[in-house]
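Mapping the sequence shown onto the working numbering, position 11 (from 1) lands on 11, and the numbers just tick up by one.
Because the hints were derived from the structure by calculation, they are not lab data.
Ideal placement from N, C-alpha and C gives every residue a C-beta, glycine not left out.
Please note: incorrect hints may appear among the correct ones.
[To be verified] The list that follows gives simulated cross-link-like pairs (lysine-lysine, BS3-like), each with its CA atoms no further than 30 Å apart:
no., residue 1, residue 2
1, K25, K93
2, K62, K20
3, K93, K20
4, K25, K13
5, K85, K34
6, K13, K62
7, K62, K34
8, K34, K89
[Unchecked claim] Pair ranges (Cβ atoms, derived):
no., residue 1, residue 2, range
9, H69, R19, 37 to 47 Å
10, R19, T110, 32 to 42 Å
11, S98, A26, 47 to 57 Å
12, P41, E111, 37 to 47 Å
13, L97, G64, 16 to 26 Å
14, L63, N106, 12 to 22 Å
15, T110, T53, 26 to 36 Å
16, M66, D6, 15 to 25 Å
17, R91, R27, 31 to 41 Å
18, L97, A56, 36 to 46 Å
19, R42, L97, 20 to 30 Å
20, L58, R35, 42 to 52 Å
21, A104, R31, 34 to 44 Å
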Amino acid sequence: MQAEPDLDAIERKALAALRKQLGVKARDLPRGMKRVGRRLPRDAHRAAEVISTAKAHLSHPKLGRMVDHHAVLTAEAVLHRHLDKIDPKERRKDAILSMLGAQAFNVIYTESSSTRLLTG
C-alpha cells in the first residue's frame, strides 16, 4: 500500500508557492486561492479544492479512510505545474509597462483633445 501524503506539508508548500510567485498572503489554501482569483486557471483551483477537501476529510474517522491519496498527489502536481509557469519578475514588469502604456495613452489623448479645442 502506498504511504499517505502529508496534507499539511502539501498545503504549506502550495501556500509558499502562492506567496513566492503571486505575492498572495493567506493562512490556508482556500483563502489563498480566493485571493488569487483569475490569475490561475480553473484546473489549478480544482486541484486546490481537492487538496482542501482531502485535508478536511482526514479529520473525520470514516471520511478519512475514503480519501484518494493518488488524486491528492495528482492535484498537487497540477497546482505546482501552473504555479511554476509564473515568473514574478516578468509579471511585475508587465504590470509596470501596462500602467505606463495607459498613462501614455491618456497624455496623448488629452493633448490631442486640448489642441482640437484651441484650434477649432
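Structure-based check of each hint:
For the hint pairing K25 with K93, the CA-to-CA distance comes to about 21 Å; that is within 30 Å, so the pair holds. For the proposed pair K62 and K20, the alpha carbon gap of about 36 Å is over 30 Å, so the pair is violated. Straight-line distance between C-alpha atoms of K93 and K20 comes to about 16 Å, which keeps the hinted pair within the 30 Å bound. Distance check on the hinted pair: K25 and K13 sit about 13 Å apart at the alpha-carbon level, within 30 Å; holds.
Simply put, K85 and K34 have alpha-carbon atoms about 19 Å apart, close enough for the 30 Å limit, and the pair holds. This hinted pair checks out: K13 and K62 have alpha carbons roughly 27 Å apart, not beyond 30 Å. A C-alpha spacing of about 29 Å is found between K62 and K34, which places the hinted pair at or below 30 Å, so the restraint holds. Between K34 and K89 the CA atoms are separated by roughly 22 Å; this keeps the pair inside 30 Å, and the hint holds.
Distance hint check: the CB atoms of H69 and R19 are about 26 Å apart, inconsistent with the given range 37 to 47 Å. At roughly 39 Å, the beta carbons of R19 and T110 sit within the given window of 32 to 42 Å. The hinted window of 47 to 57 Å between S98 and A26 is violated, with their beta carbons roughly 25 Å apart. Separated by about 40 Å at the C-beta atoms, P41 and E111 satisfy the suggested range of 37 to 47 Å.
About 49 Å separates the C-beta atoms of L97 and G64, a value inconsistent with the hinted range of 16 to 26 Å. Checking the proposed 12 to 22 Å range against L63 and N106 shows it is violated: the Cβ atoms sit about 55 Å from each other. The given range of 26 to 36 Å is broken by T110 and T53, whose C-beta atoms sit roughly 52 Å from each other. For M66 and D6, the hinted distance range of 15 to 25 Å is satisfied, since their beta carbons lie about 18 Å from each other.
Taking the beta carbon of each, R91 and R27 are about 23 Å apart, not inside 31 to 41 Å as hinted. Remark: the range hint 36 to 46 Å for L97 to A56 is upheld by a beta-carbon distance near 41 Å. Taking 20 to 30 Å as the suggested C-beta distance range, the pair R42 and L97 conforms, at roughly 27 Å. A C-beta distance of roughly 24 Å is found between L58 and R35, which places it outside the suggested range of 42 to 52 Å.
The hinted range of 34 to 44 Å is satisfied by A104 and R31, whose Cβ atoms lie roughly 37 Å apart.
Hint compliance for this structure: hints 2, 9, 11, 13, 14, 15, 17 and 20 are broken, all remaining hints hold.
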